[in-house]
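Based on these hints, arrange chains B and C on the given structure of chain A.
Protein chains in written order, with our numbering: chain A, 8 to 285; chain B, 13 to 286; chain C, 26 to 370.
Please keep in mind that the hints were generated in silico from the structure rather than gathered at the bench. Built from N, CA and C at the ideal position, the CB exists for glycine as well. It is possible that part of the hints are untrue.
[As the list claims (entries may be wrong)] No more than 27 Å apart at the CA atoms, straight line, and that leaves these computed lysine-lysine pairs for DSSO-like:
hint : chain 1 : residue 1 : chain 2 : residue 2
1    : A       : K228      : C       : K352
2    : A       : K99       : B       : K284
3    : B       : K206      : A       : K171
4    : A       : K171      : B       : K283
[Unchecked claim] Label pairs and their calculated CB-CB ranges:
hint : chain 1 : residue 1 : chain 2 : residue 2 : range
5    : B       : E182      : A       : M181      : 33 to 39 Å
6    : A       : I140      : C       : S308      : 52 to 58 Å
7    : C       : D346      : A       : S31       : 51 to 57 Å
8    : A       : E52       : C       : D351      : 18 to 24 Å
9    : B       : T195      : A       : Y67       : 54 to 60 Å
10   : C       : G165      : B       : I266      : 40 to 46 Å
11   : B       : I200      : C       : D360      : 57 to 63 Å
[Unchecked claim] Far from chain C by the CB rule (all over 12 Å, computed), these chain B residues:
hint : residue
12   : E19
13   : L52
14   : E57
15   : I63
16   : I274
Read off the chains here:
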Amino acid sequence: MKKTGKRVIPGLNLTMGVTIAMLSIVVLIPLASLAVYSSSLGMKEFFQVITRERVLSSFYVSFITAFVASAVNAVMGLILAWVLVRYDFPGKRLMDGMIELPFALPTAVAGIALTSLTSDQGLVGKFFAQFGIKIAYTRIGITIALVFIGIPFVVRAVQPVLEKLDGSYEEAAMVLGAKPAVIFRKVIFPELMPALFTGTGLAFGRCLGEYGSVVFIAGNKPYYTEITPLIIMSELQEYDYASATSIALVMLFVSFLILFGVNAIQAHNSKRIKGGNS
Amino acid sequence: MEAEKKEQSQLVKWLLIGISVLFLVIMLVLPLFVVVTEALRKGWEFYVSAITDEYTIKALILTIEATVAAVICNTIFGLCAAWALTRFHFRGKKILTTLIDIPVTVSPIIAGLIYILVFGKQSFLYPYLQQAGIKIVFAVPGIILATIFVTFPFVSRELIPVLESIGTDEEEAAALMGAKGLTIFRKITFPHIKWAFLYGIVLCTARAMGEFGAVSVLSGHLRGVTNTLPLHVEILFNEFQYVPAFAVSSILVILAVILLVIRSIVEYRGKKET
Amino acid sequence: MKRKNIIAIGLIVILALTSLTGCGAGSKEEKKSGSSDKVSITNVSYDPTRELYEEYNKIFAKHWKEEKGQDVEITQSHGGSGKQALEVANGLEADVVTLALEYDVKAVQDAGLIEDGWVDEFDNDSSPYTSTIVFLVRKGNPKNIKDWDDLTKDGVGVITPNPKTSGGARWNYLAAWAYADKLYNGNETKIKDFMKKLYQNVLVLDSGARGATTSFVENGQGDVLIAWENEAYLSVKDYPDDYEIITPSISILAQPSVAVVDSVVDKKGTRDVATEYLNYLYSDEAQRIAGDNYYRPSNEKILKEYKDVFDLDINLVTIKDFGGWDKAQKTHFADGGVFDQIYEE
Chain A
8 MKKTGKRVIP GLNLTMGVTI AMLSIVVLIP LASLAVYSSS LGMKEFFQVI
58 TRERVLSSFY VSFITAFVAS AVNAVMGLIL AWVLVRYDFP GKRLMDGMIE
108 LPFALPTAVA GIALTSLTSD QGLVGKFFAQ FGIKIAYTRI GITIALVFIG
158 IPFVVRAVQP VLEKLDGSYE EAAMVLGAKP AVIFRKVIFP ELMPALFTGT
208 GLAFGRCLGE YGSVVFIAGN KPYYTEITPL IIMSELQEYD YASATSIALV
258 MLFVSFLILF GVNAIQAHNS KRIKGGNS
Chain B
13 MEAEKKEQSQ LVKWLLIGIS VLFLVIMLVL PLFVVVTEAL RKGWEFYVSA
63 ITDEYTIKAL ILTIEATVAA VICNTIFGLC AAWALTRFHF RGKKILTTLI
113 DIPVTVSPII AGLIYILVFG KQSFLYPYLQ QAGIKIVFAV PGIILATIFV
163 TFPFVSRELI PVLESIGTDE EEAAALMGAK GLTIFRKITF PHIKWAFLYG
213 IVLCTARAMG EFGAVSVLSG HLRGVTNTLP LHVEILFNEF QYVPAFAVSS
263 ILVILAVILL VIRSIVEYRG KKET
Chain C
26 MKRKNIIAIG LIVILALTSL TGCGAGSKEE KKSGSSDKVS ITNVSYDPTR
76 ELYEEYNKIF AKHWKEEKGQ DVEITQSHGG SGKQALEVAN GLEADVVTLA
126 LEYDVKAVQD AGLIEDGWVD EFDNDSSPYT STIVFLVRKG NPKNIKDWDD
176 LTKDGVGVIT PNPKTSGGAR WNYLAAWAYA DKLYNGNETK IKDFMKKLYQ
226 NVLVLDSGAR GATTSFVENG QGDVLIAWEN EAYLSVKDYP DDYEIITPSI
276 SILAQPSVAV VDSVVDKKGT RDVATEYLNY LYSDEAQRIA GDNYYRPSNE
326 KILKEYKDVF DLDINLVTIK DFGGWDKAQK THFADGGVFD QIYEE
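Pulled out of the complex, with its shape left as it was, chain A reads as follows (with noise of 0.2 Å):
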């Protein structure tokens, strides 16, 4: 990592300029506006407005339903990207294309979908209705409905790192006599942790997000399927602005964090990897 070659390569001020300018004028900018926009209220009335029982349960809601979904996801795809990696199978290419459906389906047309299949008269709905158990209008459904938006984030982050792994040590360990559960856990996970962190949290951040899919199946019954950004749409509304914008900046924050930590990992992970090579 010599600091002085970098310079040599040519190319610096076009790409940061325009990564910079557009940068602003599509993300901060307007990013900031909601900044500008909540600030119209007072440090008291902010929080009184996020601190709202109706608002600190959607929060409730929608954290809980992303952290299951996530953990749903976490779990799924790890299997889904072992399966992928370490199997040959029939159709396996065509269940590796199938991963990025939840990305090109438009979320409003998987919302109605899921709906439909999970209501008590639905298909999937039909069968666990008979154990009285309801999935579409409660958080359960919720939780489906994040399952199907995030599983491609935490399979396409695992895939590529569990592809490049060497296999050297699990030969190793295997040749030592280790059983195959002990070989996973102790040399495998820890060299997927991080991609598989970075995965889970960005389909975490994704979910806590989500709108079209999660209105059609949610029912949206204050304090129990309502999540936050429908209270930021009734508060848009009420015409209330300010405090629309108040509930969305914390939102924006969650998000942030989400991803600072996530970038953090990984850029904590590549320079371990690097730190090997050289």
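For chains B and C alone, coordinates are given in the frame of chain A:
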């Protein structure tokens, strides 16, 4: 002992594959299945007439316009950002990376809201925009902006790891020998990142096509003017026209599947080459 | 030096971007204000009026062509009433608004787009058609729902949208309140208890009227849908074997409001056609279209023609009984208002 182990790992293998398949079928295939069967519920002719409806076609054209514009913008941005972030050292790099990623985790509702705040009626910019005859919110430019926002980091995120892993040695050598920036990029860097680049573009396209939340806040839902396909689906749905709604959804599904097939080919080629 | 370069490039990008967006806007503008033998207006309306305006736009285009020899193109926008009002207030260029309630039009007025006095600009407080709130139940009425108090019974699943996000849902809420008000002679604690019980029975609180109908009709949720009369009739028309309509003993006269958006028509020079567009809603032909779409025509004579369709004896309160929208909004639906209270433990 050895055989037993093998048997066991076979068992684990099929168990894991089974779980994966089950998960994917329930989470991804069934919703698709619902879309397709509902779309065809009233027969093929009805389906064709639904997707050749005047407004559907207008919405499709708008969706393609917005997607193309967003992809072009984000591709330029992605290349520049990836180059700046991996080829140079400067303070605040970590923050810059985080800022670029922010659109992924920002709620689409907030994404729409912020543009309303900046370009909408209560903004101080509004009178100037009015005077210049520029309409941004509730018009096509707003839709394009929202689409750019939600797919903002998609290309750069694909490029950065690849650029980081190939290192800068070749480029430095070329630069020392006096090659121009563009030549270096074209001859040395681009061949390395070709596949990641294409992959990023495909992902960006896929996501841009399907964006609903942010666009919905900014579009104003003017029929035939600012309605994208996902919004048109919502409108049809709200008109109790379930079958046409699913028929239009199926267009999006088909487009998504085509893109994913392209993606698979890109990835496969990319892997074969390296 | 270097920094200067960065700034310069930044500026170029900004210019490029704005010109890109500018082009898009420019071309649209041209299309709109083209030749004078064609005029285009935008009607921003709420969810359940789609079918109505689809038909009405056709006869109005014919009418305008006959009168002025000019083609008129009408762009429709539909959505939740509150959201639509908000978008117009935020710069969505609507020539006319035809929204679910006066309060939403007032929000546009408060943004400075509509001049005061619009309520008296057209007949009947500027509501060319009215509607009311009824119940839609499953065929045979298995839960034996007759009136509002049946909705508070245990085991009855109610579907209604969220009054915070849906204009229609506010009418629902107020109609229920009017019933309880009469039942308990204005005893507020008891009324609140009644409302609390009712909303405890609500299974799905969708964000809009159409979403609620979907939950009830397509996804089979709940036993009773509190709905706009016209929505209920539409569902029964589509599925005559599955649903029936119950008219409660007391309901509310829902007055959707229409208005010309002054600042937009003045800018575009479309005041004449926009005003005539709303005026013609009161013509016999348009009133019959409203009736055919299950809206109650404001013209008494034509309303009588539909006496077999509508229950004309229903006891209707109006928003004036609640002291007008401003007051109703403040007491019931604002943050911390009665609606929030009944959801608190």
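Evaluated hints:
1. Among the hinted pairs, K228(A) with K352(C) is consistent with the structure: their alpha-carbon atoms are about 25 Å apart, no more than 27 Å.
2. Of the supplied pair hints, the one linking K99(A) and K284(B) holds, its CA atoms being roughly 17 Å apart against a limit of 27 Å.
3. For the hint pairing K206(B) with K171(A), the CA-to-CA distance comes to about 19 Å; that is within 27 Å, so the pair holds.
4. Among the hinted pairs, K171(A) with K283(B) is consistent with the structure: their alpha-carbon atoms are about 12 Å apart, no more than 27 Å.
5. Separated by about 38 Å at the C-beta atoms, E182(B) and M181(A) satisfy the suggested range of 33 to 39 Å.
6. The hint said 52 to 58 Å for the Cβ distance between I140(A) and S308(C), and at roughly 55 Å that hint holds.
7. One distance hint, 51 to 57 Å for the beta-carbon pair D346(C) and S31(A), holds here, with the actual separation near 53 Å.
8. Between E52(A) and D351(C) the Cβ separation comes to about 22 Å, which falls inside the hinted range of 18 to 24 Å.
9. Distance hint for T195(B) and Y67(A): a CB-CB separation of about 56 Å, consistent with the stated range 54 to 60 Å.
10. Roughly 42 Å separates the CB atoms of G165(C) and I266(B), a value that falls within the hinted 40 to 46 Å.
11. At roughly 60 Å, the beta carbons of I200(B) and D360(C) sit within the given window of 57 to 63 Å.
12. Consistency note on E19(B): stated as away from chain C, and its beta-carbon is indeed over 12 Å from all of that chain's, at 47 Å minimum.
13. Under the 12 Å C-beta cut-off, the non-interface status given to L52(B) relative to chain C holds; the minimum distance is some 17 Å.
14. Distance to chain C confirms E57(B) as a non-interface residue, since its nearest Cβ pair spans about 20 Å, more than 12 Å.
15. Distance check for I63(B) against chain C: the nearest CB is about 19 Å away, which clears 12 Å, and the non-interface claim stands.
16. With a least CB separation of 26 Å from chain C, I274(B) remains clear of the 12 Å interface cut-off, as annotated.
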